[in-house]
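> Protein chains in written order, with my numbering: chain U, 28 to 333; chain G, 4 to 341; chain R, 50 to 297.
Calculated directly from the structure, the hints in this document are not laboratory data. Among the hints, erroneous ones may be present.
Restricting the straight-line Cα-Cα distance to at most 30 Å, the calculated cross-link-like pairs of lysine-lysine (DSBU-like) are [claimed, not checked]:
#	chain 1	residue 1	chain 2	residue 2
1	G	11	R	125
2	R	129	G	133
3	R	189	G	11
4	G	133	R	184
5	G	11	R	61
6	R	163	G	11
7	G	133	R	186
8	G	18	R	61
9	G	18	R	189
10	G	133	R	189
11	G	200	R	163
12	G	18	R	244
13	G	133	R	125
14	G	200	R	194
15	R	158	G	18
16	G	18	R	194
17	G	11	R	129
18	R	129	R	186
19	G	11	R	158
20	R	61	G	200
Per the computed footprint, the stretches of chain G lying under chain R, defined by three or more beta-carbons under 8 Å from a beta-carbon of chain R, are [stated by the list, open to error]:
#	stretch
21	89-100
22	199-205
Even glycine gets a Cβ: it sits at the ideal position worked out from N, Cα and C.
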Amino acid sequence: MSTLFLIQLLNGLQLGVLLFLLAAGLTLVFGIMDFVNLAHGSLYMIGAFICASLTFWTGSFVWGVVLAIPIVAGVGFLFEVIVVRHLYASNHLDHVLATFGIILIADTLVQLAWGPEGIAIPLPEYLSGQVEILPGIIFPTFRLVIISSGLLIAAGLYWLITYTKLGMLIRAGASNRTMVSALGVDIKTLFAGVFALGAVLAGIAGMLISPITEATIGMGNDIIITAFVVIIVGGIGSMKGAFIAAILIGIIDTLGRSFLKDILAVFIESASAETAGPALSSMLIYIIMAIVLALRPQGLFPPKVR
Amino acid sequence: MSVQEIPKELESHLKPPLLFGSGRGRVLTIFIMVLLFALPMLAWGMGNQFYLDFSSRIVCLAIAAVSLNLILGYGGLVSFGHAAFVGIGAYAVGIPAYHGYESAWLHFPLAMFAAALFALVTGAISLRTKGVYFIMITMAFAQMAYYFFLSLEEYGGDDGMTLWDRSDFGFIDISNKLTFFMLAYVLLAVCICLTFKIVHSRFGMVLRGCNSNEARMKALGYNTYAYRLTAYVISGAMCGLAGALIGNLQDFVTTDTMTWTRSGELMFMVILGGAGSLFGPVLGAIVFLLLEEILSAYTIHWHLPFGAFLIFCVLFVKGGMNGLVTRDWITGSKQGEK
Amino acid sequence: MSKTLLKVESLKKTFGGVVATDDVSFDVQLNEIHAVIGPNGAGKTTLITQLFGEQLPDAGSVFFQGENITRLATNKRSAKGLARSFQITSVFFDFSVLDNVALAVQAHKGHSFKFWQAATTEIELRQAAMDALHKVKLDKRASMKASELSHGERRQLEIAMALATNPVFLLLDEPMAGMGAEESASMFGLLKSLKEQRAILLVEHDMDVVFGLADRISVLVYGRLIATGTPDEIRRNPQVREAYLGEE
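Same shape as in the complex, but just chain U (with noise of 0.2 Å):
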């Protein structure tokens, strides 16, 4: 049992982590150009299937990778000069709308692309084994690639916004348009690039998945609700919100798939506790943030509002 639940916690720390890059990159792009960005999901996918060609390519994942990162980041930045910067001064309905109709659109030529069918990552012999991280569990080296990899994303974002121009940047926009503008940046030159940014880790977060998933036609689209509520419990906005969240709903949401069934037979009789399980572990981490917003409606860690 607890072997298990020790090699549970590590998958939902990597779920956690995926969720993390996705939440980031939402985050970043809402608080500094108040947009809201439905086809976010889509660059997750875009990021997978680009990743996946590359691959079969070059004959290797990790050179996919590397290669694909820049590609991504061209179509978050052409995302943003073709579409999105058209809409920064329209409301929130019409940020959902149009990007709703990206959503469709990234969809039908992914598929016009790459066909119907999912497309599964090879990975390198060395990614692809076990590890015995301790006595007794072992674990897969590439959900470990996964987490750690995460986990430094998470720390150079952490150091890009505190330190670097940049980052001071990004937080006075966040705060402050017209003084950024005013101080003689390149206002619409930022916008873009911080998208850019944001669609590269959510591209990221498409490829470290698809050698475990697949890449699929509309991968996106579910995980990003999930991404959606990760921002909303840590408050939109904030970064260090974000990776709590997502920390939190990651290893929230495995561990209740794996063990609610069992917890609840303990109180009710094992029929219905069959039933009960899977319904209430599908709604555990909707539950959490109906609770969380019931008693903070500015999520966890509200950004700071002048």
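Once you have looked at the hints, place chains G and R on chain U.
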């Protein structure tokens, strides 16, 4: 009601609102509503069942869109979870039917009640928040409902459940396609009239005021939260009704009707037709489904032009189709109903 | 014998270390126009929002007719008889002028959970709204859309809406802002007539208006009240002259 003497200066300010509006949209609106009834009749008379079913789908989704319009168009609440109410309404038909309860007098009230209850609980939480939080939270709650029904293996889970018999009304038989269409059309008309009454009532004025300027409403003494929540519950119940119809229409109940992209489609219908206009959602549903039908006949990749059309609408068409119709192209101003 | 309607005691509010309201105390009497003046950024708006519950103070209390309303919800304050106009015109632009005021009337005449009868046919609402429009001389514009009004007329509408709730305490946030000379003059007359049976807290930049209308004036500088007194006292106050009037 006691007869009150009307002061002279007030006379011109006491006009009752008109169902079909007063602008030039009026004729067109009536025309479309008549056409929506007459064309399927004609098709059926000529033995074409397909168009009757197709029209029934339009009418059912129009009810859902009308219900969304109440809170989105008039209330300014961008709810991205309306498909959940459709789904709940459909399961309120499917689940009792599975257990052998066939009566429509159980199914339809249950559908409306269950949807209203879901609206009450989720609305009570999500309406505490604003703007983009509200959008995402309604979306998340709808997803919760989706996963909930997906996990119910007993009721088909992933595969959905077949409805062997349509809801039993007793005096009418809605397994007859024509009867079904007529019932749906009547219910649509009822929902439109209800919405019309609501938005022009005291309650509706408050709801629209909250949309226009919430801070002002609070300063005037209104508990905006209570009014919004009430509207949300009404809208949910109405959408549950649409769901019960849709379940019957498809003879099949599945979580597919409640994915979040369905919510997006409903929203698109409302925006397309013109949010905050009474008949806009009907027009939106017609155009949406026609477009879907025509495009998908040409290519399986119809989502591509469809998505492009959506973006085009958002960027360039303000006020929806209804806005296009009632816009005065010379002065650029809008006239007509509201 | 005057009666204290509104009493503010040691109100305090800080935003991330910046003190916006610093130990502010004052009162407003019945039949009095009490003006609050101060340079830009003195914290006038923050002070107002705390009186109406749109923001809550960190410390201190607000009493209205002897009742502590410090933490009362905004909409409930209206029921007690507090009303306000907004600095930035805050009306329902897509409603007609009469509908705007009728909506204000409706807030205090019966309840609004009525779903059937069209509000535009309720004689009682319309009549009360029309009366309020008469008071601000906007009755001729009743059927126009609020968005079609001139700036000055919108300011009048603001006040009509506030009046329509039958307030005992009226807060006017820069009612003259952006008005021409003629419009200002008529607003001046209107405000003067409003203070009977009421208390008015007036926030205004136009010094002629303030000194011409107010019975008492409080001067707010950097969140602190540096003086309260009659217009004459304020004129003579050396601190005020230095901090505020001296600039001109």
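> Which of the numbered hints above does this structure break?
Of the numbered hints given earlier, those the structure breaks are 1, 4, 5, 7, 8, 10, 12, 17, 20, 21, listed in rising order.
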